[in-house]
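**Student:** These are the residues of each chain, in order.
Protein chains: 2
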Amino acid sequence: MGRNAIVGQSGGPTAVINASLAGVLEACVARGAGQVYGMRNGIQGLLKEQVVDLTERVGSSLEIELLKRTPSSYLGSCRYKLPDFQTDPAVYDRLFAILNRLDIGWFFYIGGNDSMDTIHKLSEYGRAIGSEIRFMGVPKTIDNDLMLTDHTPGYGSAAKYIGVVMKELIRDATVYGTKFVTVVEIMGRNAGWLTAAAALARGEDCEGVDLICLPELPFHTDRFLAKVEAMQKEKESIVIAVSEGVKLPDGRYVCELSDDAAFVDAFGHRNLTGTARYLSNLIARNMDTRTRSVELSTLQRCAGHLTSRTDITEAYQVGGAAAKAAFEGHTGEMVALRRLSNDPYQCTTELVDIAKVANLEKKVPTDWINGYRTDMTAEFLSYARPLIQAELTPMFIAGLPRHIIL
Amino acid sequence: MGRNAIVGQSGGPTAVINASLAGVLEACVARGAGQVYGMRNGIQGLLKEQVVDLTERVGSSLEIELLKRTPSSYLGSCRYKLPDFQTDPAVYDRLFAILNRLDIGWFFYIGGNDSMDTIHKLSEYGRAIGSEIRFMGVPKTIDNDLMLTDHTPGYGSAAKYIGVVMKELIRDATVYGTKFVTVVEIMGRNAGWLTAAAALARGEDCEGVDLICLPELPFHTDRFLAKVEAMQKEKESIVIAVSEGVKLPDGRYVCELSDDAAFVDAFGHRNLTGTARYLSNLIARNMDTRTRSVELSTLQRCAGHLTSRTDITEAYQVGGAAAKAAFEGHTGEMVALRRLSNDPYQCTTELVDIAKVANLEKKVPTDWINGYRTDMTAEFLSYARPLIQAELTPMFIAGLPRHIIL
Numbered sequence: 003m004g005r006n007a008i009v010g011q012s013g014g015p016t017a018v019i020n021a022s023l024a025g026v027l028e029a030c031v032a033r034g035a036g037q038v039y040g041m042r043n044g045i046q047g048l049l050k051e052q053v054v055d056l057t058e059r060v061g062s063s064l065e066i067e068l069l070k071r072t073p074s075s076y077l078g079s080c081r082y083k084l085p086d087f088q089t090d091p092a093v094y095d096r097l098f099a100i101l102n103r104l105d106i107g108w109f110f111y112i113g114g115n116d117s118m119d120t121i122h123k124l125s126e127y128g129r130a131i132g133s134e135i136r137f138m139g140v141p142k143t144i145d146n147d148l149m150l151t152d153h154t155p156g157y158g159s160a161a162k163y164i165g166v167v168m169k170e171l172i173r174d175a176t177v178y179g180t181k182f183v184t185v186v187e188i189m190g191r192n193a194g195w196l197t198a199a200a201a202l203a204r205g206e207d208c209e210g211v212d213l214i215c216l217p218e219l220p221f222h223t224d225r226f227l228a229k230v231e232a233m234q235k236e237k238e239s240i241v242i243a244v245s246e247g248v249k250l251p252d253g254r255y256v257c258e259l260s261d262d263a264a265f266v267d268a269f270g271h272r273n274l275t276g277t278a279r280y281l282s283n284l285i286a287r288n289m290d291t292r293t294r295s296v297e298l299s300t301l302q303r304c305a306g307h308l309t310s311r312t313d314i315t316e317a318y319q320v321g322g323a324a325a326k327a328a329f330e331g332h333t334g335e336m337v338a339l340r341r342l343s344n345d346p347y348q349c350t351t352e353l354v355d356i357a358k359v360a361n362l363e364k365k366v367p368t369d370w371i372n373g374y375r376t377d378m379t380a381e382f383l384s385y386a387r388p389l390i391q392a393e394l395t396p397m398f399i400a401g402l403p404r405h406i407i408l
Numbered sequence: 003m004g005r006n007a008i009v010g011q012s013g014g015p016t017a018v019i020n021a022s023l024a025g026v027l028e029a030c031v032a033r034g035a036g037q038v039y040g041m042r043n044g045i046q047g048l049l050k051e052q053v054v055d056l057t058e059r060v061g062s063s064l065e066i067e068l069l070k071r072t073p074s075s076y077l078g079s080c081r082y083k084l085p086d087f088q089t090d091p092a093v094y095d096r097l098f099a100i101l102n103r104l105d106i107g108w109f110f111y112i113g114g115n116d117s118m119d120t121i122h123k124l125s126e127y128g129r130a131i132g133s134e135i136r137f138m139g140v141p142k143t144i145d146n147d148l149m150l151t152d153h154t155p156g157y158g159s160a161a162k163y164i165g166v167v168m169k170e171l172i173r174d175a176t177v178y179g180t181k182f183v184t185v186v187e188i189m190g191r192n193a194g195w196l197t198a199a200a201a202l203a204r205g206e207d208c209e210g211v212d213l214i215c216l217p218e219l220p221f222h223t224d225r226f227l228a229k230v231e232a233m234q235k236e237k238e239s240i241v242i243a244v245s246e247g248v249k250l251p252d253g254r255y256v257c258e259l260s261d262d263a264a265f266v267d268a269f270g271h272r273n274l275t276g277t278a279r280y281l282s283n284l285i286a287r288n289m290d291t292r293t294r295s296v297e298l299s300t301l302q303r304c305a306g307h308l309t310s311r312t313d314i315t316e317a318y319q320v321g322g323a324a325a326k327a328a329f330e331g332h333t334g335e336m337v338a339l340r341r342l343s344n345d346p347y348q349c350t351t352e353l354v355d356i357a358k359v360a361n362l363e364k365k366v367p368t369d370w371i372n373g374y375r376t377d378m379t380a381e382f383l384s385y386a387r388p389l390i391q392a393e394l395t396p397m398f399i400a401g402l403p404r405h406i407i408l
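Protein chains in written order, with the working numbering: chain A, 3 to 408; chain B, 3 to 408.
Be aware that a few hints might be false.
In this list, chains with the same sequence are indistinguishable; a pair is considered to hold if it fits within one copy or across any two.
[Said to hold, decoys possible] Below, computed lysine-lysine pairings styled on DSS-like, alpha-carbon distance capped at 25 angstroms:
#, residue 1, residue 2
1, Lys364, Lys83
2, Lys181, Lys50
3, Lys83, Lys365
4, Lys237, Lys50
5, Lys235, Lys50
No lab work stands behind these hints, which were simulated from the structure alone.
Excised from the complex, chain A in its bound form (with noise of 0.2 angstroms):
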């Protein structure tokens, strides 16, 4: 028997962040690794010695297609930022004691930003300790906004999600044939990926949306409401996509104007949403149009009813891959998608520095934002549609999706 490997997930739940787990799982397996634990609720759990046997848990192909069909994070996650290792060595040595008694061969974190702040700073200690784990980081979240990578697993599904939602929400503010404005709010507090995905939704069979304003961009009042004023002289139903992190010229964000935006809990976090519900308020206080504001809220992120195959591919791939990198030795790096065409599409995986990836955001280009500022040009599709084409239906049992659950 080899030396064992490890895998947790952090950060964020996708609808495919299984599939990467999946991934991880078999191809460890494949190449000889003794057990392959995973961490409950990633570090946070490793610290306290919250370990699973995945081996033993998705030990079959029925449960591992399940794992690659269940949406959330299958192990648990957490938000969890290691401190400098120069300032604060006690959390590495408990963690590397850990890493050590499971006989750690091989570690992976799955995840975004932070996460892979995460594997830069295990590999750097485990670099100055002489440590020979491996640390490897998989890519995941639905904001789409790490650099390095073309896109990140579940941004595929998160984006067909938002089109097809969008063509559904188009179709049903159109039946009274009334004015009638739709503001739709969607994830995404600094990159407007997510938003942009509303772009999808124009076809053949659906005229769009009207509307589409990214936080990579100042918001306007004023210009807002009088474009939505422009567009309903030609059109009743006018329908907007919005990101929760449009921000004013002076830095504020717009929800941030709202009257609800002075709640605080009782621990003193404020409630920074309600950007549609505001702007749909406004709309409303200022045109003869009815309104209604939608948030796709948490729906966005972990319907596993609705994937894109290429996104669950890929996030598979990507997991397979920081296997063998790991497996061959690699540490400190980063499982990145390379595309190397668009029509036909295709893709492929390749590592970069995970230092380079660490705590930077990668925001949507400004050039593909059309000249009037409402919607996204047709580099942005050529860019997008690759990625939500074609379908992995859960498995139905009595009407509902079956997942697999710890």
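Chain A is already provided as a structure; the job is to place chain B on it using the hints.
**Tutor:** Only chain B this time, still in chain A's reference frame:
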């Protein structure tokens, strides 16, 4: 060529209302109708003589199949209540003049309570003037609140959508393993059928929702908080399904307690949403936990990407049964669904007097709510489960469901 048929859609759209339209259309053609017209935007469009030739627009079997899988109302909809014909016969004169000019023999209206009121009044007026036009109602509403029918087409798909997304939201809400309360707002102003469907989520692979609040029972804020607090002592992540229509013992809607309820648009309409947001803020103010609110909003009624095949089949069947009845001379009736057995599920159609359906609402029997007022009973589950069985996937083209539009 026989005389012509005409069909309209009215009230809120559903994911399967177009399957009923397909059922009416195909049965009318098969029974020898000359033309089959569609009213644009229901009676309101008919009064402006806005009709389309459905036989031409949806002529091929591929187009019929697309229609069955397209959500929202293909013909458009309206919310229009006919006046009493004793007090205001002019509108009836106009309608019947238009119908006679179109040489209509059979008239179908797909909708809920208000639409059945329309059929009732038209058939009464027709009888009074000795018209030969046959008027038939085709039931449709996600709300499942029509009398004399076991359930309504549209409910099964909405219930399935709710069951599926509750499972996904529950998975998402458990990932951090920390204290968390999710409050999900579900449609249903007076009847709790849709909110009750949240009970479907529970199963071998899902712990289910923790608390279900229907409008059939008065809502006590203090008892609600006490229940949530007690539940969270046992379990970190609590998920609550609450009807938008829950009311305080004094008759006010819970959402009227929110700051937002003060919002009045340019036309004096008050905004009656925000029940989940209000309750989630209330919990955050009173308990040591993070909270989140999710409004399923329009998504629950227009999710053509996640429908129940049982529901689509029945929606198609009630359309066909209405055509059969009208061609056999029936008028002033509605097609109802009568359940023969739960296991195996068997259901047939029958005709009911539309006067007994119009303007009445069927509520959830309160003995289908458990003793603790937290959950639905096994009886409800036996009722609802057959309605969500099997899937009919959209026709996906290039990653998105294809719709047919006028």
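**Student:** Hint by hint, say whether it matches the structure.
**Tutor:** Hints, one by one, checked against the model:
1. Taking the shortest Cα distances, lysine 364 and lysine 83 sit within 25 angstroms of each other inside one copy (20 angstroms), while across copies they are farther apart (53 angstroms).
2. In this homomeric assembly, lysine 181 and lysine 50 come within 25 angstroms of each other (Cα to Cα) only across copies, at 18 angstroms, whereas the closest approach inside a single copy is 57 angstroms.
3. Taking the shortest Cα distances, lysine 83 and lysine 365 sit within 25 angstroms of each other inside one copy (22 angstroms), while across copies they are farther apart (51 angstroms).
4. When the C-alpha separation of lysine 237 and lysine 50 is checked against a cutoff of 25 angstroms, the pair qualifies only between copies, where the shortest distance is 20 angstroms, while the shortest distance within a copy is 58 angstroms.
5. With identical chains, the CA atoms of lysine 235 and lysine 50 are at most 25 angstroms apart between copies only, with a shortest distance of 22 angstroms across copies and 61 angstroms within one.
Consistency with the previously given hints is maintained throughout, with no hint failing.
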